[in-house]
Amino acid sequence: MTHIKNTNQNFNLKARRTYGKSILAAAVSLALFSSGQVLAKTNVLMEEVMVTAQKKSSAEAVQDVPIAISAYSGDKVEAMFAVTLTDIGTSSPNTSLAEQGTVPHTGNFIIRGMGTTGQSIPSSDPAVGVVQDGMPYGLIYGVVTDLFDLESIEILRGPQGTLFGRNVTGGAVVMRTTRPSDDFSGKVKATIGSHGQRDVSAVVTGPISDSVNGKIAVISKDRDGLWFNTTTGGHQGASETLIVRPAITFKGEGYDLTAIAESASIKGDGMAARSFYLDTAFLNDTVLATGVESYDIDPWADNTTETDTKGDLDLSWSSLVVEHNLDLWGGTLTTIASVRDLDQDTWGDIDGAAGTIRFEFAEGSGISQTQKSFESRWSGNVNESVSLTAGINLFDQEYTYRERRLLVDAVERPSESTIDHSTFGVFAQAEYDVSEDITLILGGRYSSEDKDAAIGVIGDPGGVGSCSSIYDPSGATVATRTVDWSDCRQVFNDSASWSNFSPKLGVNWTLNEDMLAYASLSRGFRSGGYNVRFTDATVVTTPDNPTSTPGPYNEETVDAFEVGFKSMLLDGRVKLNMALFFNEIDDMQKAANNQSGVQTVFNAASATIQGFEVDSVVAVSDYTTFEFGYGYTDAEYDSADYLVEKTGRAADEFKFQMVPERTTSMALTHERPVGDRGYITLRGSYSYIDSVASDDFNFLMLPQYELFDASVSFTSIDESLKVAVFGRNLKDEVYSHFGFDNSGGLGSKTVWLAPPRTYGVELTYNF
Numbered sequence: 009m010t011h012i013k014n015t016n017q018n019f020n021l022k023a024r025r026t027y028g029k030s031i032l033a034a035a036v037s038l039a040l041f042s043s044g045q046v047l048a049k050t051n052v053l054m055e056e057v058m059v060t061a062q063k064k065s066s067a068e069a070v071q072d073v074p075i076a077i078s079a080y081s082g083d084k085v086e087a088m089f090a091v092t093l094t095d096i097g098t099s100s101p102n103t104s105l106a107e108q109g110t111v112p113h114t115g116n117f118i119i120r121g122m123g124t125t126g127q128s129i130p131s132s133d134p135a136v137g138v139v140q141d142g143m144p145y146g147l148i149y150g151v152v153t154d155l156f157d158l159e160s161i162e163i164l165r166g167p168q169g170t171l172f173g174r175n176v177t178g179g180a181v182v183m184r185t186t187r188p189s190d191d192f193s194g195k196v197k198a199t200i201g202s203h204g205q206r207d208v209s210a211v212v213t214g215p216i217s218d219s220v221n222g223k224i225a226v227i228s229k230d231r232d233g234l235w236f237n238t239t240t241g242g243h244q245g246a247s248e249t250l251i252v253r254p255a256i257t258f259k260g261e262g263y264d265l266t267a268i269a270e271s272a273s274i275k276g277d278g279m280a281a282r283s284f285y286l287d288t289a290f291l292n293d294t295v296l297a298t299g300v301e302s303y304d305i306d307p308w309a310d311n312t313t314e315t316d317t318k319g320d321l322d323l324s325w326s327s328l329v330v331e332h333n334l335d336l337w338g339g340t341l342t343t344i345a346s347v348r349d350l351d352q353d354t355w356g357d358i359d360g361a362a363g364t365i366r367f368e369f370a371e372g373s374g375i376s377q378t379q380k381s382f383e384s385r386w387s388g389n390v391n392e393s394v395s396l397t398a399g400i401n402l403f404d405q406e407y408t409y410r411e412r413r414l415l416v417d418a419v420e421r422p423s424e425s426t427i428d429h430s431t432f433g434v435f436a437q438a439e440y441d442v443s444e445d446i447t448l449i450l451g452g453r454y455s456s457e458d459k460d461a462a463i464g465v466i467g468d469p470g471g472v473g474s475c476s477s478i479y480d481p482s483g484a485t486v487a488t489r490t491v492d493w494s495d496c497r498q499v500f501n502d503s504a505s506w507s508n509f510s511p512k513l514g515v516n517w518t519l520n521e522d523m524l525a526y527a528s529l530s531r532g533f534r535s536g537g538y539n540v541r542f543t544d545a546t547v548v549t550t551p552d553n554p555t556s557t558p559g560p561y562n563e564e565t566v567d568a569f570e571v572g573f574k575s576m577l578l579d580g581r582v583k584l585n586m587a588l589f590f591n592e593i594d595d596m597q598k599a600a601n602n603q604s605g606v607q608t609v610f611n612a613a614s615a616t617i618q619g620f621e622v623d624s625v626v627a628v629s630d631y632t633t634f635e636f637g638y639g640y641t642d643a644e645y646d647s648a649d650y651l652v653e654k655t656g657r658a659a660d661e662f663k664f665q666m667v668p669e670r671t672t673s674m675a676l677t678h679e680r681p682v683g684d685r686g687y688i689t690l691r692g693s694y695s696y697i698d699s700v701a702s703d704d705f706n707f708l709m710l711p712q713y714e715l716f717d718a719s720v721s722f723t724s725i726d727e728s729l730k731v732a733v734f735g736r737n738l739k740d741e742v743y744s745h746f747g748f749d750n751s752g753g754l755g756s757k758t759v760w761l762a763p764p765r766t767y768g769v770e771l772t773y774n775f
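Residue numbers (this note's numbering): 9 to 775.
These are computed hints drawn from the structure, not numbers from a lab.
Mixed in with the good hints there might be a few duds.
Listed next, the in silico DSSO-like pairs over lysine-lysine satisfying Cα-Cα at most 30 Å (straight line) [stated by the list, open to error]:
(1) K63 with K318
(2) K197 with K229
(3) K663 with K730
(4) K259 with K318
(5) K380 with K197
(6) K195 with K275
(7) K318 with K380
(8) K663 with K195
(9) K739 with K663
(10) K195 with K229
(11) K739 with K654
(12) K380 with K63
(13) K63 with K229
(14) K229 with K259
(15) K663 with K229
(16) K63 with K739
(17) K663 with K318
(18) K663 with K197
(19) K318 with K730
(20) K739 with K275
(21) K259 with K195
From a predicted model like this one, the values you see are computed outputs, not experimental measurements.
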């Protein structure tokens, strides 16, 4: 949870301060309004940001927390004109919150070199956890969606295992939606933009009675295709989104209870694939149409696609989160229970090739998931020197994954798999003030989990295939292909259990009231599991081969060391934060494609990841603020047998998949009064992402890219009205977050294009 706090009081690091910021805000107010009116809005970039990353009974200032954090208030998210978490991630050092290409709205999140294994494999647990209103997302599906009605976003870099549990070895993204207010208010926002963008959102909140507050938030978005399709003459990337989020809060003496529901529906035709190479083995009439002798184009020439099969997406979810806070024993007992149901069906042309080519690799997938979570924790002061946060956590999810692949010569391979997953954790973290300046931190978490797997296969040698496919192979189309899912058989059934203890030891040193130094040692882990994408008949023919079965593969562990420095300098006009990190990873989970195009996941590597980060905000003047972020990641394999065996190259020659060595972000914001009518805000931002390897074997490299965004807005004196013009990717950079090289198996190389240049006009009315 993140809060914004403004104060004119002096401060110390135990109870955060913004003395310099308050002077700046006062100076701006005096300069803006000679009539004596005070501007309610201060520069959102220099405001004091309060966070609950350490799950304490009350929020802490981000500058007091011994964790590398990028924190964004709801106002800042709006000032950035961020659409999804992907847009937020470019401003956080060593962070990529990209969208996976083949399955829209699926996260491929990476922090400090730790990310998703196998990308869109649903059973591969992430290394970056996503939490909304205390509810952890069990899958990477449906996490890249529209940002609205937000109180805050926190990006926590580095392992967070003690307080957040499994699958946060890279870090965590913590989102908090707005809570029902004691005062009646509302906001309506309308946007018209390029590519047929038509968005409307509204939030209304206020008291229902003396002890009950309510809120309803709604967003509706429509967009025509982002990318021109040169084969069909139309556009691809259209979408329709509707999200409804009601909430209610009950307050009593010493307690409060908040229930937040959410229902969402997203429909569209998917991302734009762009194939740019076919191997010479496919240059014959059985694969390529008559007269086609080659297919070799520049994938970065423009933001167009040539796919002949239009994609399809149908994503929906519903959730309920209930949070109860009770004053108890001088602290707070917080209990959060949640349930979420998600359904997604996707069809896409994976090869991305033009219609004149008879080569086809199309894929359809669907997932149905139900998850439940429960956490109860107490946080408070044990005595004057010791504070404690301790609790228990339970999580359970069950999901069914269905997939069908139309391969060369129209061979369709359907499959269905089910995973039942449950976890239990108990955790505690204590802080002991050795002196006024030094605090010791000791924490730990014990976790246990069970997974039951039932896996189908897509191959059918000897009749071991799992599902019946009913269609005419010579003339099948997306519309006519059907699968008899009731006939599916899971030929692999297994279960496994794991347990883990993740400790943390840290020390904080308050150098003075404006500077904090810290160091920590911690351990994190990523769950072991089963690969529902390994749907190959070798699971039957060679069950004892670890690379020829769905699993189980073991946990991945990370030992992390971090030292950091946080400061507010020059009377609060400069915020400068820096961190160094060193991580050692054992039993690294890796994914690879075999010759039949089937993905395998197994423990096959150990690695060392080290780097540093700089995160700074400078009030250049009373009206101008400059932001700067830089991240450097040096990720090397210490051993990687499967890479060495397949290529003959040394392990340290390989780059990590989708991990840039350098990331840079800059932004300049200038606010200027317009007499007594209001103020104009001009903002420009720049981000740079280094080149990355799209696959573990480094066969396909995605080039570096730069993004330029800008906006101009006018806000009325009472902040009831705001008009803005914005643009994203103004350079119209052609770039990709995802691609694969299947030239050895299916003979193609394909990338998925990121959004091109977009722009629009936005009108906001507050009441």
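Could you tell me which of the numbered hints above are not met by this structure, giving the numbers in increasing order?
Numbers 1, 3, 4, 5, 7, 8, 11, 13, 14, 15, 16, 17, 18 and 19, in rising order.
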